[in-house]
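Asks: Numbering (this note's numbering), first residue to last: 1 to 573.
There's no promise every hint is true.
[What the hints assert, rightly or not] Listed below are the simulated DSS-like cross-link pairs for lysine-lysine, each with C-alpha atoms no more than 27 Å apart in a straight line:
no.: 1; residue 1: K126; residue 2: K422
no.: 2; residue 1: K34; residue 2: K12
no.: 3; residue 1: K571; residue 2: K52
no.: 4; residue 1: K556; residue 2: K497
no.: 5; residue 1: K497; residue 2: K487
no.: 6; residue 1: K138; residue 2: K422
no.: 7; residue 1: K497; residue 2: K571
no.: 8; residue 1: K12; residue 2: K556
no.: 9; residue 1: K422; residue 2: K437
no.: 10; residue 1: K422; residue 2: K313
no.: 11; residue 1: K34; residue 2: K138
no.: 12; residue 1: K487; residue 2: K556
no.: 13; residue 1: K52; residue 2: K34
no.: 14; residue 1: K487; residue 2: K549
no.: 15; residue 1: K549; residue 2: K12
no.: 16; residue 1: K556; residue 2: K571
no.: 17; residue 1: K408; residue 2: K313
no.: 18; residue 1: K370; residue 2: K271
no.: 19; residue 1: K549; residue 2: K497
no.: 20; residue 1: K52; residue 2: K138
no.: 21; residue 1: K437; residue 2: K126
no.: 22; residue 1: K549; residue 2: K52
no.: 23; residue 1: K549; residue 2: K571
[Claimed, not checked] Derived Cβ-Cβ restraints for the label pairs, each shown as a range:
no.: 24; residue 1: A220; residue 2: H167; range: 42 to 52 Å
no.: 25; residue 1: K12; residue 2: D538; range: 23 to 33 Å
no.: 26; residue 1: P470; residue 2: K497; range: 50 to 60 Å
no.: 27; residue 1: T404; residue 2: N430; range: 42 to 52 Å
no.: 28; residue 1: H261; residue 2: N430; range: 51 to 61 Å
no.: 29; residue 1: T137; residue 2: D538; range: 42 to 52 Å
no.: 30; residue 1: R146; residue 2: K437; range: 23 to 33 Å
no.: 31; residue 1: N101; residue 2: L35; range: 27 to 37 Å
no.: 32; residue 1: N484; residue 2: D98; range: 51 to 61 Å
no.: 33; residue 1: R569; residue 2: E92; range: 46 to 56 Å
Derived by calculation from the structure, the hints in this document are not laboratory data. For each residue, glycine too, the CB sits at the ideal point set by N, CA and C.
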Amino acid sequence: MRTSNFLIATVKETPSDAEVISHQLMLRAGMIRKLASGLYTWLPMGLRVLRKVEQIVREEMNRAGAQEVLMPAVQPAELWQESGRWEQFGPEMLRITDRHNREFCFGPTHEEIITDLIRNELRSYKQLPANFYQIQTKFRDERRPRFGVMRAREFLMKDAYSFHIDHASLEQTYQLMHDTYSRIFSRMGLNFRAVQADTGAIGGSGSQEFHVLADSGEDAIAFSTESNYAANIEMAEAVAPAAECPAPGADIQVIDTPEQHSIEEVSAFLKVDASQTLKTLLVHGASEEGELEGVVALVLRGDHELNEIKAEKLPQVFAPLTFASDDDIRAAVGCNPGSIGPVDIGIPVIADRGALQVADFVCGANEDGKHLTGVNWGRDLPEPEVADIRNVVEGDPSPDGKGTLTIKRGIEVGHIFQLGDKYSQAMNANVLDENGKSVVMTMGCYGIGVSRVVAAAIEQNHDERGIIWPDAIAPFQLALCPINMQKSQRLREAAEKIYTELQAAGIEVLFDDRGERPGVMFADMELIGVPHRIVLSDRGLDAGSFEYKGRSDAEKQDIPLDSLLEFIREKLS
RNA sequence: CGGCGUGUAGCGCAGCCUGGUAGCGCACUUCCUUCGGGAGGAAGGGGUCGGAGGUUCGAAUCCUCUCACGCCGACCA
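Please model the complete structure; the sequences and the hints are all you need to start from.
Replies: Take a look at the structure:
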């Protein structure tokens, strides 16, 4: 490709609304442009990368025996009503009405559509297992789109759905997809990890996420120092400490704590460590039928954080989890937030395991401006119901009993689920088994955020000059930069000849024939992140050499011209 | 959804407080010089100042409404 025939839309200045490095570099390198919040146009440069990612995904899915399909982006409401998700999905689903006043949505995912297809097409266990995938545009009306294509509303996703006669078969395919995903991200040259994950809105039993490790990642991941345990922090179990709770050593006292509300303020005021305090959070409760009912107190050690995912799964807690308003709090316990405590609170109390290990603790007195000190479970208030409702922290014991946990950040680029029969049951997706009996199919689903992978790759591979693409997903493999070609017929001819040869050798060359000054060419090619660069000059021709520099090399090197093809082939292999 | 902020040329911004000719840098066009790390000079083109309404002799500037975009938050006991 010649730059004269390819949009090089690089910009020097960083657009003011780009927060993370990948977003800034994608804009500056001329890969994407924003159309509206969470909506991006892919320019030729960006699209080449997107297509490369797509192609690797496609090749590996095909290799794993999955079959490609393409389903509509716009989906009829009826199917979603059948699965029960039309009501469940909430405002993230973009709903549309056609001219006949029929309801549709712009698909945020495709379980309903594939299940509908398969129940009509598959009749026999002999056709199972089967795995279908597509690479297609999704729309999720994110409450806050941000970070460019990393969390966009419209995005490109590879989604696959597998169908099985039983759970054992599902597990086989699930494992195959796990291995396939590992191959995919390895081929892309990314540093990634598979971690245990929550199943979220999609539902089902087991699931794992694939994370690209990067400090800017939105997810926290807990790793064991001693084993291969890794889990999203949403999921990582905070195991109960082995030690018994110490015996009470102090008497309970009421202390005036005027204007001291947060744990930080109270612990500083009373000169005790935050871990010696307990915080009490009020959330909306649920009846046995799951209806909204009353409020529930969640008690945590002062220095711990509530894990909303875990809390939401408690039967007493209303899902989705919502915090009680100040008015609700006053009505329930008679004081303002900042002075709540579990003693004589008069509503159900659920304590985190960690909170139960604290003796002589400090907590709110359920009276404005007052806290209690020297409080002990069992003595001053009944032993509460106990649950794991906090986020693990660095140094916690690993749930598998081996080593302790460290926390790193990651960008979720893939997610695999064992769905079970959630959709097949609701939508009557059955086949006949070998006894001629109708059985509900078991399903798995497997997603990769194709457009997000592009951003994640940049987060992990960049420097102060721009992007450093891994070879496998670079928009071009090689930049060919002749210096002052417009002034030297000899150089022009040499450059054209080399360009032709490289192309004939199947190498993706970006030939910079714009006649720009060297500084401009180099800056652009480095910003764009082309992994390999050849510089041609009259000086080099005189010496019978060309200059080579890898994108992340410290030094350039002069190489004899007659070994150019050989040298480049070596570099690209 | 709540709080805060920002909308002025393709991009980055100033001007607004204190109303009176719409500016700067980058980018773009033409010419000259320059030519191995985002060149210098000269001359140019490009604006419904987000939109609507109001106040005023006069509004980018003041007021009201509205739209868009962004940041933070949705952990506070």
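Asks: Decide, hint by hint, whether the structure agrees.
Replies: Here is how each hint holds up against the structure:
Among the hinted pairs, K126 with K422 is consistent with the structure: their alpha-carbon atoms are about 22 Å apart, no more than 27 Å. With a C-alpha separation of about 17 Å, the suggested pairing of K34 with K12 holds against the 27 Å cut-off. A threshold of 27 Å between alpha carbons decides the hint, and for K571 with K52 the separation of about 19 Å falls inside it, so the pair holds. Under the criterion of a C-alpha separation no larger than 27 Å, the hint pairing K556 with K497 is consistent with the structure, at around 22 Å.
Restraint check for K497 and K487: the C-alpha separation of about 17 Å stays at or below 27 Å, so the hint holds. Under the criterion of a C-alpha separation no larger than 27 Å, the hint pairing K138 with K422 is consistent with the structure, at around 21 Å. The suggested pairing of K497 with K571 holds, with an alpha-carbon distance near 20 Å, which does not exceed 27 Å. Between K12 and K556 the alpha-carbon distance is near 24 Å, which keeps this suggested pair within the 27 Å criterion.
Distance restraint check for K422 and K437: the Cα-Cα separation of roughly 20 Å lies within the 27 Å cut-off, and the hinted pair is therefore satisfied. For the hint linking K422 to K313, the alpha-carbon distance of about 18 Å falls within 27 Å, and the restraint holds. In summary, the hint linking K34 to K138 is supported, as the alpha carbons are separated by about 17 Å, within the 27 Å threshold. For a cut-off of 27 Å, the pair hint linking K487 to K556 stands: about 24 Å separates their Cα positions.
Straight-line distance between C-alpha atoms of K52 and K34 comes to about 21 Å, which keeps the hinted pair within the 27 Å bound. For the hint pairing K487 with K549, the CA-to-CA distance comes to about 24 Å; that is within 27 Å, so the pair holds. At most 27 Å may separate the alpha-carbon atoms for a hinted pair to count; K549 and K12 meet this at roughly 22 Å. Taken as a hint, the K556 and K571 pair is honoured in the structure, with Cα atoms around 14 Å apart against an allowance of 27 Å.
The suggested pairing of K408 with K313 holds, with an alpha-carbon distance near 25 Å, which does not exceed 27 Å. Pair hint K370 plus K271 holds up; C-alpha atoms about 15 Å apart against a cutoff of 27 Å. Taken as a hint, the K549 and K497 pair is honoured in the structure, with Cα atoms around 20 Å apart against an allowance of 27 Å. For the proposed pair K52 and K138, the alpha carbon gap of about 19 Å is at most 27 Å, so the pair holds.
About 13 Å separates the Cα atoms of K437 and K126, which keeps this hinted pair within 27 Å; it holds. Between the alpha carbons of K549 and K52 the distance comes to roughly 23 Å, so the proposed pair stays at or under 27 Å and holds. Pair hint K549 plus K571 holds up; C-alpha atoms about 10 Å apart against a cutoff of 27 Å. Distance hint for A220 and H167: a CB-CB separation of about 31 Å, inconsistent with the stated range 42 to 52 Å.
Checked against the hint of 23 to 33 Å, the pair K12 and D538 passes, with Cβ atoms roughly 29 Å apart. Against the hinted window of 50 to 60 Å, the Cβ-Cβ separation of P470 and K497 comes to about 30 Å, which falls outside the hint. Here the CB-CB span from T404 to N430 is close to 48 Å, well matched to the stated 42 to 52 Å. The hinted window of 51 to 61 Å between H261 and N430 holds, with their beta carbons roughly 57 Å apart.
As the Cβ distance of T137 to D538 is approximately 49 Å, the hint placing it in 42 to 52 Å holds. Between R146 and K437, the C-beta spacing of about 51 Å breaks the proposed range 23 to 33 Å. For N101 paired with L35, a C-beta distance near 28 Å keeps the hint of 27 to 37 Å intact. Between N484 and D98 the CB atoms are about 60 Å apart, so this pair conforms to the stated range of 51 to 61 Å.
Checked against the hint of 46 to 56 Å, the C-beta distance between R569 and E92 comes to roughly 48 Å, which is consistent with it.
Hint compliance for this structure: hints 24, 26, 30 are not met, and every other hint is.
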